[in-house]
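Here the protein sequences line up with chains A and B, keeping their order.
Note that the first sequence covers residues 24 to 185 in my numbering.
Note that the second sequence covers residues 2 to 555 in my numbering.
Don't read these hints as lab results, they were simulated from the structure.
Hints should not be assumed to be uniformly reliable.
[Said to hold, decoys possible] Okay, the calculated beta carbon distance ranges per label pair:
| # | chain 1 | residue 1 | chain 2 | residue 2 | range |
| --- | --- | --- | --- | --- | --- |
| 1 | A | Ile-160 | B | Glu-437 | 53 to 63 Å |
| 2 | B | Glu-276 | A | His-59 | 29 to 39 Å |
| 3 | A | Gln-121 | B | Asp-248 | 27 to 37 Å |
| 4 | A | Gln-121 | B | Met-262 | 21 to 31 Å |
[What the hints assert, rightly or not] Derived DSS-like pairs (lysine-lysine); straight-line CA-CA distance at most 30 Å:
| # | chain 1 | residue 1 | chain 2 | residue 2 |
| --- | --- | --- | --- | --- |
| 5 | A | Lys-103 | A | Lys-123 |
| 6 | A | Lys-103 | B | Lys-398 |
| 7 | B | Lys-326 | B | Lys-398 |
| 8 | B | Lys-260 | B | Lys-204 |
| 9 | B | Lys-204 | B | Lys-519 |
| 10 | A | Lys-58 | B | Lys-252 |
| 11 | A | Lys-103 | B | Lys-169 |
| 12 | B | Lys-7 | B | Lys-270 |
| 13 | A | Lys-161 | B | Lys-169 |
| 14 | B | Lys-519 | B | Lys-502 |
| 15 | B | Lys-198 | B | Lys-496 |
| 16 | B | Lys-279 | A | Lys-183 |
| 17 | A | Lys-103 | B | Lys-250 |
| 18 | B | Lys-496 | B | Lys-326 |
| 19 | B | Lys-198 | B | Lys-81 |
| 20 | B | Lys-270 | A | Lys-58 |
| 21 | B | Lys-204 | B | Lys-334 |
| 22 | A | Lys-183 | B | Lys-204 |
| 23 | B | Lys-270 | A | Lys-123 |
| 24 | A | Lys-183 | B | Lys-398 |
In this text the structure is predicted, and so the values were computed from the model without any measurement.
We put the beta carbon where it would ideally sit given N, CA and C, even for glycine.
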Amino acid sequence: MARLLKNNEVFQEEYQVLGSEDVESTSGTVLVQAKHLDQHLQRLQQHDQPIGLFLDSDDELEAYEEQLSNFELIAINFPKFMDGRGYSLSKLLRDRYQFKGDIRAVGDVLVDQIFMMKRCGFSSYYLRDDQKAEDAIKALDTFTLRYQGSSDDPEPLYRKRA
Amino acid sequence: MIPMYKYDEYDQRIVDERVSQFRDQTLRYLAGEIAEDEFLPLRLQNGLYVQRFAPMLRVAIPYGLLSTHQVRRISEISRKYDKGYVHFTTRQNVQLNWPLLEQVPDILADLAEVEMHAVQTSGACIRNTTTDQFAGVARDEIVDPRPWCEIIRQWSTFHPEFAFLPRKFKIAVCGSEQDRAATMVHDIGVHAFRNEKGEVRFKILAGGGLGRTPMVASVIRESIEPENLLTYLDAILRVYNRYGRRDNKYKARIKILVKAMTPEVFSQKVEAEWEQIKESASLLPETEIQRVSQHFIDPEYQALNDHDLNDLALKAPAGFQSWLKQNVFPHKKPGYCAVTLTLKATGDAPGDVSAEQLDIIADLADQYSLGELRVSHEQNLIFADVEQSALIELWEKLSAIGLATANRGLLTDMICCPGGDFCALANARSIPLAEEIQRKFDDIDYLHDVGELDLNISGCMNACAHHHVGHIGILGVDRKGIEYYQIQVGGSASKDASLGKIIGPSFKREEVPSVLEKILSVYIDQRHEDELFVDTCQRIGITPFKERVYGQAA
Numbered sequence: 024m025a026r027l028l029k030n031n032e033v034f035q036e037e038y039q040v041l042g043s044e045d046v047e048s049t050s051g052t053v054l055v056q057a058k059h060l061d062q063h064l065q066r067l068q069q070h071d072q073p074i075g076l077f078l079d080s081d082d083e084l085e086a087y088e089e090q091l092s093n094f095e096l097i098a099i100n101f102p103k104f105m106d107g108r109g110y111s112l113s114k115l116l117r118d119r120y121q122f123k124g125d126i127r128a129v130g131d132v133l134v135d136q137i138f139m140m141k142r143c144g145f146s147s148y149y150l151r152d153d154q155k156a157e158d159a160i161k162a163l164d165t166f167t168l169r170y171q172g173s174s175d176d177p178e179p180l181y182r183k184r185a
Numbered sequence: 002m003i004p005m006y007k008y009d010e011y012d013q014r015i016v017d018e019r020v021s022q023f024r025d026q027t028l029r030y031l032a033g034e035i036a037e038d039e040f041l042p043l044r045l046q047n048g049l050y051v052q053r054f055a056p057m058l059r060v061a062i063p064y065g066l067l068s069t070h071q072v073r074r075i076s077e078i079s080r081k082y083d084k085g086y087v088h089f090t091t092r093q094n095v096q097l098n099w100p101l102l103e104q105v106p107d108i109l110a111d112l113a114e115v116e117m118h119a120v121q122t123s124g125a126c127i128r129n130t131t132t133d134q135f136a137g138v139a140r141d142e143i144v145d146p147r148p149w150c151e152i153i154r155q156w157s158t159f160h161p162e163f164a165f166l167p168r169k170f171k172i173a174v175c176g177s178e179q180d181r182a183a184t185m186v187h188d189i190g191v192h193a194f195r196n197e198k199g200e201v202r203f204k205i206l207a208g209g210g211l212g213r214t215p216m217v218a219s220v221i222r223e224s225i226e227p228e229n230l231l232t233y234l235d236a237i238l239r240v241y242n243r244y245g246r247r248d249n250k251y252k253a254r255i256k257i258l259v260k261a262m263t264p265e266v267f268s269q270k271v272e273a274e275w276e277q278i279k280e281s282a283s284l285l286p287e288t289e290i291q292r293v294s295q296h297f298i299d300p301e302y303q304a305l306n307d308h309d310l311n312d313l314a315l316k317a318p319a320g321f322q323s324w325l326k327q328n329v330f331p332h333k334k335p336g337y338c339a340v341t342l343t344l345k346a347t348g349d350a351p352g353d354v355s356a357e358q359l360d361i362i363a364d365l366a367d368q369y370s371l372g373e374l375r376v377s378h379e380q381n382l383i384f385a386d387v388e389q390s391a392l393i394e395l396w397e398k399l400s401a402i403g404l405a406t407a408n409r410g411l412l413t414d415m416i417c418c419p420g421g422d423f424c425a426l427a428n429a430r431s432i433p434l435a436e437e438i439q440r441k442f443d444d445i446d447y448l449h450d451v452g453e454l455d456l457n458i459s460g461c462m463n464a465c466a467h468h469h470v471g472h473i474g475i476l477g478v479d480r481k482g483i484e485y486y487q488i489q490v491g492g493s494a495s496k497d498a499s500l501g502k503i504i505g506p507s508f509k510r511e512e513v514p515s516v517l518e519k520i521l522s523v524y525i526d527q528r529h530e531d532e533l534f535v536d537t538c539q540r541i542g543i544t545p546f547k548e549r550v551y552g553q554a555a
């Protein structure tokens, strides 16, 4: 079970990441690794389970462009919180590919990065086990102002100042 | 009005909220709720290092500008929280060497009250943007870089996409004929110029840097319009964030990516990215350029005439003349000049200033330079708007506090990192070597005869003192626990930047001053009339230096 922060609330949720292995049965939310999508997708679509696309930080997003519209959930992995590639991936999903579904941070997801994740278009977060839920909710509103436009609000401060 | 950016309520709220955020993070860290390695990038992005003996707090001086109000606050902070002195760095920052971690949020709050911060002065993020210390007053200026630096500062502050880059990222802007900001050895160099119609444009360079793999930046785009500057930077940073190496921190800077891809391919990749993002709300509107530029309009200069400075020198006490020649820089307005206070007096660590000196400097800047102080990457301080008629008086007052050393640009005005005395990364000490060199070369007439010479001393290959681009560069190395120093000659940080060449095996510290003397004797023997040391080096190559230093057999 993981703790999912979404819409300012924290839920318990079961999820599973599918890689190259063949899996008979699945439970909870199923996240399919982008590079193994073909292997699982057809079978999974016959079930009535929530399915998400799982992108690793080094995945070349452009290669999956065609697939994106099949999903309402895309998870982006942070293998380490210091790996900042996920921020660019999320922004590309929102700004370039107009992805309207849920973008979820997975992996080394810590309270002190959540604000930036939200700014880059993330909409839900599987918190790492030791992170406090109430701190995470509070962190979503760390700053009331931002200089740059980003996926959460494309208008930079300089367009509001005038 | 001092020509510098004044915060509005938005800017103020952003730094205030940053202080609250870091206060909360520090408390959670002290309560054991944030692990050491997870607190690390949070404190670094607020300028806080844990050094060899104590924490060190690096405070930003955005593009080198300070009001005297801010100078006094820095002095106050250094007394209240530290040992009463501060250190100016090679990237227009100021460091406190002994603050307590627990007190850092209070220090940041005191700084925020005077529109200062320590945001992104360290960490794998976009660092303080730097520029020419003579911005706005230099005669060779084409475009005032200060508004552009402020625009870049705001864009880069808490940029959510680029807070965890593969490695640190430094941007420098130059708007004059001469590059006084070492832009060629920055991750991004921005050269502001005017096209044939007189419109402002930017040439964008990337992939410069020093450290273990020194490289001069390559041109990525010849010309970009002001409204597109920020989206173009976004495109470069995005390509770097996605494709820069993260497996090896020594290969993680953008220079490695640019070299691996080749500058041409890197540029194509950036262009392709930019094509996709250039039409967005991030286009910089003319109104914003105007708003920021308003802060940097000229102060009300008096209508003065230029003095005959040689005539002035004749009336002055001994010692004034060499200071005038070396430390006084021409100003765009008649009757004015800019004055450099070198923080390189023998016996003081290069870049260090005491709180008492800071207070007097603030008073003098109020009296003689419109209430403003500049900081240069050579670790010196500048009064940018001094009336020529006040030069003698100012020189006397600076002499009284030991800040009129007439060595600006000379051998003893060296750039020097804190080295092994303070820094945990260093292989060797830099400050004692700097002092030994200053003691050896204490004859000001000899120094003036040798002329303009950049000497850069780094205590390790991270190259904080930019030794690769010093006319003479010294690198501290560790050989079986003993400090040795490797010497290179012929580097340059100007627009036609070049990297120095190592002359041969390294030396013990006590040998270095006499080795320098030999190197200088080669120059004195071989120079053509008025030829600078670096030009002689580039003309004759390193062999004559090798031969003189190591003997013919080497």
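Do the hints match the structure? See the list:
Judged by the Cβ atoms, the range 53 to 63 Å given for A/Ile-160 and B/Glu-437 holds: they are separated by roughly 58 Å. At roughly 32 Å, the beta-carbon separation of B/Glu-276 and A/His-59 lies within the given 29 to 39 Å, and the hint holds. Take A/Gln-121 and B/Asp-248: their Cβ atoms lie about 32 Å apart, and the range 27 to 37 Å holds. Checked against the hint of 21 to 31 Å, the C-beta distance between A/Gln-121 and B/Met-262 comes to roughly 29 Å, which is consistent with it.
Straight-line distance between C-alpha atoms of A/Lys-103 and A/Lys-123 comes to about 26 Å, which keeps the hinted pair within the 30 Å bound. A distance of roughly 55 Å separates the Cα atoms of A/Lys-103 and B/Lys-398; the hinted pair therefore is violated under the 30 Å criterion. At roughly 18 Å between alpha-carbon atoms, B/Lys-326 and B/Lys-398 fall within 30 Å of each other, so this suggested pair holds. Straight-line distance between C-alpha atoms of B/Lys-260 and B/Lys-204 comes to about 19 Å, which keeps the hinted pair within the 30 Å bound.
Of the pairs offered as hints, the one joining B/Lys-204 and B/Lys-519 is violated, with about 41 Å between alpha carbons and a cut-off of 30 Å exceeded. A hinted pair counts as satisfied when its Cα atoms are at most 30 Å apart, and A/Lys-58 with B/Lys-252 qualifies at roughly 27 Å. Taking the CA atoms of A/Lys-103 and B/Lys-169, the gap is about 17 Å. The hint holds against a cut of 30 Å. As the CA atoms of B/Lys-7 and B/Lys-270 are separated by approximately 37 Å, the hinted pair breaks the 30 Å bound.
About 28 Å separates the Cα atoms of A/Lys-161 and B/Lys-169, which keeps this hinted pair within 30 Å; it holds. Distance restraint check for B/Lys-519 and B/Lys-502: the Cα-Cα separation of roughly 16 Å lies within the 30 Å cut-off, and the hinted pair is therefore satisfied. Note on B/Lys-198 and B/Lys-496: the hinted pairing holds, with a Cα-Cα distance of about 24 Å set against a maximum of 30 Å. About 19 Å separates the Cα atoms of B/Lys-279 and A/Lys-183, which keeps this hinted pair within 30 Å; it holds.
Between A/Lys-103 and B/Lys-250 the alpha-carbon distance is near 15 Å, which keeps this suggested pair within the 30 Å criterion. For the hint linking B/Lys-496 to B/Lys-326, the alpha-carbon distance of about 24 Å falls within 30 Å, and the restraint holds. Proximity of B/Lys-198 to B/Lys-81 is assessed by CA-CA distance (about 53 Å); at most 30 Å being required, the pair is judged violated. With a CA separation close to 24 Å, the supplied pair B/Lys-270 and A/Lys-58 stays within the 30 Å bound.
For the suggested pair B/Lys-204 and B/Lys-334, the alpha carbons sit about 28 Å apart, so the restraint of at most 30 Å is met. Taking the CA atoms of A/Lys-183 and B/Lys-204, the gap is about 29 Å. The hint holds against a cut of 30 Å. In summary, the hint linking B/Lys-270 to A/Lys-123 is supported, as the alpha carbons are separated by about 27 Å, within the 30 Å threshold. A hinted pair counts as satisfied when its Cα atoms are at most 30 Å apart, and A/Lys-183 with B/Lys-398 does not qualify at roughly 47 Å.
Hint violations for this structure: numbers 6, 9, 12, 19, 24, all remaining hints satisfied.
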